[in-house]
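Numbering-wise, the sequence shown is residues -21 to -1, 1 to 237 according to mature numbering (1 follows the signal peptide of the UniProt record, and there is no 0).
Simulated from the structure, these hints should not be mistaken for laboratory data.
Where hints are given, some of them may not hold.
Listed below are the simulated EDC-like cross-link pairs for lysine to aspartate or glutamate, each with C-alpha atoms no more than 20 Å apart in a straight line [claimed, not checked]:
1) LYS142 <-> ASP97
2) LYS165 <-> GLU213
3) LYS147 <-> GLU173
4) LYS142 <-> GLU173
5) LYS51 <-> ASP5
Here are the simulated distance ranges between beta carbons [unchecked claim]:
6) LYS49 <-> ASN73: 36 to 44 Å
7) GLN135 <-> HIS222: 42 to 50 Å
8) ASN198 <-> ASN118: 31 to 39 Å
9) LEU217 <-> MET83: 18 to 26 Å
10) GLN135 <-> GLU11: 25 to 33 Å
For each residue, glycine too, the CB sits at the ideal point set by N, CA and C.
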Amino acid sequence: MNLKLFVFFFVYFLQYSNVESAINQDMVAFFERLQEWMPYLDCIEEIDLPVMEPLFTETLDFDLVHEIGKFKGNFANMTIKNLSKYNVDLFNLNIIMLTVKANMSLPEIRLDGLYKLDGNIGDLIPIFGEGNLEISLQNITVGVVAKMKAIPFSIQDLKIDFKIQGFKGHFYGLMGDPELEETFNKLINDIALEALDVLWPEIEVGLVDMIKQMVADANLSLTDMLKLMKIIKEALPLPVPDHCKHKSPYNQQIIRLI
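My request is simple: use the sequences and hints to build the entire structure.
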């Protein structure tokens, strides 16, 4: 090989490796900074982000059809807590291949709110109810592998892996009878982990489509997204200022019954 050509590729490789390493380090630093700020994001007016610890959702509809059963209904006024307890186990952006691999883990997520459910198990056993719900998910891992397109920026392929090792929950008002409520809640707790594994491929399809559409609607280039991350990081100083901690009405202990 021509010596000049060899030197060129060697220098390019070193520069590329340094740039890629810097981007990955910046992304991990961004997630660590965001972690501290999640309860207080409403304090920074210029970035217009909602409080994410706890996270509140008004309504989430679901309509699942599978051989194990049919389940239709919604969750409302949901509070999702402990999202900020995540750990970034892996973040790797390949800027030449435009691929991202990321793994995150959380010890526990707690949810409460209202639910409405109508469906059946195996087309044989009806299951229905409406009322309060409380759920605890333990030892959660999330893995993401994405392939992107630079111009226009979009997600070509996305794989999301979601695993939990523990589930504990209670759906109040299930089956409209106190004894049946206890029986069916025990059944749900017993089969929840296996059911999630079975249903996840269908849940993943809807989630991937939603994320792809959100990225497309944002109409941002990869450079724009990296700049946005930098702007957000610079807008979130550490430690979190006291006036932000005092301002946020969400940084309060929420009592759970689980």
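Status of each hint after checking the structure:
no.	hint	verdict
1	LYS142 <-> ASP97	25 Å, violated
2	LYS165 <-> GLU213	48 Å, violated
3	LYS147 <-> GLU173	13 Å, holds
4	LYS142 <-> GLU173	10 Å, holds
5	LYS51 <-> ASP5	41 Å, violated
6	LYS49 <-> ASN73: 36 to 44 Å	41 Å, holds
7	GLN135 <-> HIS222: 42 to 50 Å	43 Å, holds
8	ASN198 <-> ASN118: 31 to 39 Å	38 Å, holds
9	LEU217 <-> MET83: 18 to 26 Å	20 Å, holds
10	GLN135 <-> GLU11: 25 to 33 Å	28 Å, holds
The structure fails to meet hints 1, 2 and 5 from the earlier list, while all remaining hints are met.
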